[in-house]
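A.B. asks: Could you build all of it, start to finish, from the sequences and the hints given here?
Number of protein chains: 2
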Amino acid sequence: MTRVMNFSAGPAALPEEALLRARDELLDWNGTGMSVMEQSHRGKAYEKVHQEAHDLLRKLLGLTADDKRSVIFLQGGATQVFATLAMNFLRAGTSADYVSAGAWGDKALVEAKSYAAMVGASAREVRWEGAEGAGKGTRMPHPRELVFAEDAVFVHTTSNETIHGTQVGLSESLPFADPKQPHVCDMSSDFLGRVIDPRKFSLLYAGAQKNIGPSGVVVLVVDDAFLEASCDDIPSIFRYATHAKNGSLYNTPPTFAIYLVRNVLAWLDAKGGVPAIEKDNRAKAKLVYDAIDESGGFYTCPVEAESRSIMNVVFRLPSEAHEAKFLAASEQAGMVGLKGHRSVGGMRASLYNAVSVAHAKALADLMREHARTSG
Amino acid sequence: MTRVMNFSAGPAALPEEALLRARDELLDWNGTGMSVMEQSHRGKAYEKVHQEAHDLLRKLLGLTADDKRSVIFLQGGATQVFATLAMNFLRAGTSADYVSAGAWGDKALVEAKSYAAMVGASAREVRWEGAEGAGKGTRMPHPRELVFAEDAVFVHTTSNETIHGTQVGLSESLPFADPKQPHVCDMSSDFLGRVIDPRKFSLLYAGAQKNIGPSGVVVLVVDDAFLEASCDDIPSIFRYATHAKNGSLYNTPPTFAIYLVRNVLAWLDAKGGVPAIEKDNRAKAKLVYDAIDESGGFYTCPVEAESRSIMNVVFRLPSEAHEAKFLAASEQAGMVGLKGHRSVGGMRASLYNAVSVAHAKALADLMREHARTSG
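Line by line, the protein sequences are chains C and Z. Position 369 (the first sequence) corresponds to 370 in the numbering used here; numbering is contiguous. Position 176 (the second sequence) corresponds to 177 in the numbering used here; numbering is contiguous.
None of these hints come from the bench; they were simulated from the model.
As the list makes no split between identical chains, a pair holds if one copy fits it or if it spans any two.
Taking lysine-lysine pairs in the DSSO-like style, the calculated list, with each CA pair at most 27 Å apart, reads: (1) K181 to K114; (2) K60 to K45; (3) K326 to K45; (4) K45 to K108.
These numbers come from a predicted model, not from an experiment.
C.D. replies: Structural data, given as structure tokens:
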């Protein structure tokens, strides 16, 4: 079995250990004579792995039992959270502030506006220089650029823009400073890829299919006090409070996806947790960015140095013909997923947790060799 | 590897063939050097299996390319459809009719009412004799008992009440007659377990975790003309039209769950499709109901003969002590999942598509033997 080097943006590479564990027990899980996906979600066998996924997540985030925060697993992905976030916290006459630095921030805002219009609330885009025009997507805002409305119910940010390859806060103590309003952050594409302090956020969320599992499950970490203030007159299935109260078992959860998240988190924990993986992630990103910066202009990265993502490295070649040739060479070398998002073109190497330093080095080596022979 | 006899109500038994296929290609799918769950959902490799799942579903339902109906895969389960159904079709001043014969019909109504209240619409329960009181859950209504509001935007029914073990239409040409209003039906627990005519429904839906796959995905089959009439001012992620238009690829779908549905549907297709499995399902149910009816009152089924479900067979023993003893004996015999739902007690044998005739026979044999020795 030859496994490829997978640089896909998500769904993305998973740790081989997590997959092997799933394969070995696919038809007989823990001696139950059933697959984990055939187990009742109310049964003791499944409940154990469900709890373990919750516990590992708290541990990896550094949350103790005393921390009044709930970890929730939901379906629908981050895209659905864009809408349910507004449903849970926006009432008639209230407003929330959205910081957008790219495609995902924009989508979050559009869905919030759509719901806000239904109930007479509003979702407002925070103005800053990089929020529109040619510079959009080339950097994240500096905290000093952002002014939030005093009465905003929450401030929404995106910590890593997957399509543009920008990421916040790597040289700051916190992403987008520390608003006094409740801070809600979409961390889909860098969740558990770097150390953060979850206590600085009222709510953070992440689709699993980048760093922590397969698609089909999204994680929320929410301050219980913030949850107290949520709307109770929306359908139960959309209330975060419903799911927090029921330990993510209000309705049938995506059991196999949560089981796989458990496998991935157990792998991460055994590897030394988030500090250890962040070290690897920084090393991987440096390998690829160095190959870009030392190419004498053959490769270019449109992102300003301070905002360069360690999760998604975007770069261009001199022409689309060069890019097609490079893509073919990468596939020849056993690499997949390097084509940039269709909306921006170019190349993108996603270096999520499950991508090894060796794979990043192989990519950097290929880039150098390719520049030498094709430059 | 000893596989148990799994009578769970859902998540439930899956065909061994579908699981073996998943196991064998878990780390290297179709020679791609990746798991199917590591593939980009926009890539050709995944798109093929995604399309195959849609195509198999149409084929098994007997829908041709000419049928103006869309098959959609969504997240959130049937419980979320309870809410999104109202969001898609209820506007201020409109109302929908709900027929409830049990716990799931009730839940569908409660979620619809909750949303309806938000927008000034209404969800009305259709009155009939078995809708409340002691008889609730012991039978399905007869078509002649139901009168629908002339201006109902749709009529909602539940074809099989999983908890109570009741099912409609087995001796009728259609479930709940044929309302002239658009008919929306929750078929979660008997979908593809019996032959139906999908053209008689404006929308039918089913969580996968009973007959067609793991939890984490729900299927909708919707008349395109009905979809035309849906609300376009709700968040995009909740609009069925968004997902129909994008072939269930508007946002990242639960790729592995859809792949497993494909595996299960391919198994069903090879087995002879729905007519063949319905024959098995009727045979399985007869084995267990006969064991009940021929026990001289040791086992009793509270459900009226005409409404007895072929998917979920509920029965009681003379006392809770007898029930505990029977449960222990069944576990001893390698059977799991026979405990009834906590809200009603007793026993429940779920005989979904993946449960073999041999397993149903083993259960019936055990029941007869147990009655003989413990009766």
